[in-house]
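There are 4 protein chains.
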Amino acid sequence: MPPEYTITRRVEFAETDMAGIAHFTNFFRWMEEAEHAFFRSLGHSVSETRCGEDIGWPRLSASCEYLKPARFEDVLEVRMRVQEKGRKSLTLAFSFQKNGEEIARGQLVTVCCRCSPGRPLEAIPIPDEIRSKIDRR
Amino acid sequence: MPPEYTITRRVEFAETDMAGIAHFTNFFRWMEEAEHAFFRSLGHSVSETRCGEDIGWPRLSASCEYLKPARFEDVLEVRMRVQEKGRKSLTLAFSFQKNGEEIARGQLVTVCCRCSPGRPLEAIPIPDEIRSKIDRR
Amino acid sequence: MPPEYTITRRVEFAETDMAGIAHFTNFFRWMEEAEHAFFRSLGHSVSETRCGEDIGWPRLSASCEYLKPARFEDVLEVRMRVQEKGRKSLTLAFSFQKNGEEIARGQLVTVCCRCSPGRPLEAIPIPDEIRSKIDRR
Amino acid sequence: MPPEYTITRRVEFAETDMAGIAHFTNFFRWMEEAEHAFFRSLGHSVSETRCGEDIGWPRLSASCEYLKPARFEDVLEVRMRVQEKGRKSLTLAFSFQKNGEEIARGQLVTVCCRCSPGRPLEAIPIPDEIRSKIDRR
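Residue numbers (the numbering used here), protein chains in the order written: chain A, 3 to 139; chain B, 3 to 139; chain C, 3 to 139; chain D, 3 to 139.
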């Protein structure tokens with residue numbers, strides 16, 4: 003069974019636009035918030051120093067399909083699962099639920115990188131410790 | 003030849019994150035800025051009242067692939083073209099260029115809607131006037 | 003004793019900037035989140051329809067003093083109190099705490115308004131029901 | 003005569019909220035955009051490495067008074083001047099104009115800092131080169 007993780011998130015006023023609904027870009031922020039909470043649930047952070055090197059997880063791609071709008075003060079469930087685990091990358095699938103109904107679904111593909119200041123990002127294998135914790139969830 | 007439109011956009015400080023690069027969600031805001039400038043170039047706005055009704059363009063989907071990072075004060079070219087013109091929807095393709103090199107590409111699918119306050123969004127055919135102006139570009 | 007209200011808020015990655023700290027504008031979003039949670043705690047919303055009219059609370063002023071930076075994944079306490087209650091306006095004072103230490107303090111002055119679409123905002127007396135609930139907290 | 007600098011900025015859709023006006027926090031982003039354009043006009047950046055050290059300009063305080071709302075596609079003039087030049091800090095005053103009418107005014111107090119990764123921010127005297135360029139404007 004693939005590892006799953008869920009957060010609950012209320013739509014804030016600053017996230018609405020003049021059409022009276024949550025601006026579509028916020029769904030990507032909410033995916034990221036779920037992803038980062040998932041890392042914390044493993045005892046890790048997306049921003050860590052390991053063996054003296056900064057590790058980060060920039061995105062290869064991001065996508066979202068919008069089924070119904072989200073509105074101010076709606077409480078959303080953001081359900082995340084690890085859809086694919088590559089050697090250096092993770093594919094994360096998201097479902098947004100409002101009152102038990104799916105209103106959007108999305109995907110992030112993210113790659114483990116060495117992020118030394120002043121040097122280009124360099125993809126590296128996902129550290130074993132993180133990999134095994136994802137498997138055990 | 004498909005209609006094309008280009009804007010130039012500098013990466014602002016508030017758009018960077020602690021990894022020192024533009025946060026990935028901003029590419030979606032930049033796509034939208036190009037789309038809205040395109041509508042203005044046609045003499046229209048994405049937010050109009052026509053025959054007493056508010057017209058809007060919510061998104062059906064949004065996606066982006068990231069090839070290279072964008073950094074503070076980088077000047078990006080956001081190139082947009084109308085990839086597909088349906089009866090009620092538009093598919094817009096975007097290419098982000100930095101110094102002549104593509105650093106990201108994206109897509110928005112957007113649907114023409116009647117947006118009356120307090121009523122659900124309802125998809126409607128793209129008004130003829132807008133449709134013909136897109137064709138003539 | 004003045005009415006007080008506190009929320010807890012974790013600093014998200016998208017809220018950091020390339021200096022590695024939370025971008026200063028986020029403190030204003032966090033003030034607003036606390037204010038809106040306070041309204042909900044009274045059984046109200048900052049965006050309501052009363053007697054067929056939309057009521058809103060635009061800002062007259064906003065300010066913040068920054069004492070120490072907030073960083074990714076910091077858990078902040080946002081403490082709010084109603085500092086002054088005018089006939090049409092509220093002055094809200096905020097203190098941001100990290101591990102029991104104040105890292106910032108701010109203020110919002112907000113005015114109760116009739117917000118009819120297409121008409122200018124018009125300040126109105128704070129509805130009695132809201133006023134008395136604020137007093138009773 | 004105090005040094006002045008002006009940028010022009012169109013209100014974007016993502017900057018509006020469900021009240022149909024620009025969210026109040028955006029005025030702080032626009033102040034920052036004017037400030038950073040001012041630094042560029044001096045041949046500098048708010049984020050520089052000098053003598054091997056990263057220099058940054060975190061905020062001591064930020065404030066804004068709101069006179070009239072800004073709306074989608076409004077074109078605003080953001081006028082900035084250096085109100086006070088301390089040994090380590092700058093006080094910047096801003097006026098927001100729409101069609102020649104002031105709709106908001108604001109202030110940022112910002113302090114020149116050494117920003118070494120992993121070390122606390124440390125206030126330092128404004129480098130002479132920047133100081134003299136500000137004077138000569």
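Watch out, some of these pointers could steer you wrong.
Copies of one chain are not kept apart here, so a pair can be met inside one copy or by any two copies together.
[Stated by the list, open to error] The list that follows gives simulated cross-link-like pairs (lysine-lysine, BS3-like), each with its CA atoms no further than 27 Å apart:
no.: 1; residue 1: Lys135; residue 2: Lys87
no.: 2; residue 1: Lys100; residue 2: Lys135
no.: 3; residue 1: Lys70; residue 2: Lys100
no.: 4; residue 1: Lys135; residue 2: Lys70
no.: 5; residue 1: Lys90; residue 2: Lys135
no.: 6; residue 1: Lys87; residue 2: Lys70
no.: 7; residue 1: Lys70; residue 2: Lys90
In short, the hints are calculated from the structure, not lab data.
How the hints compare with the structure:
no.: 1; hint: Lys135 <-> Lys87; verdict: within (12 Å within a copy, 46 Å between copies)
no.: 2; hint: Lys100 <-> Lys135; verdict: neither (30 Å within a copy, 30 Å between copies)
no.: 3; hint: Lys70 <-> Lys100; verdict: within (9 Å within a copy, 35 Å between copies)
no.: 4; hint: Lys135 <-> Lys70; verdict: neither (34 Å within a copy, 29 Å between copies)
no.: 5; hint: Lys90 <-> Lys135; verdict: within (15 Å within a copy, 46 Å between copies)
no.: 6; hint: Lys87 <-> Lys70; verdict: between (30 Å within a copy, 22 Å between copies)
no.: 7; hint: Lys70 <-> Lys90; verdict: between (34 Å within a copy, 17 Å between copies)
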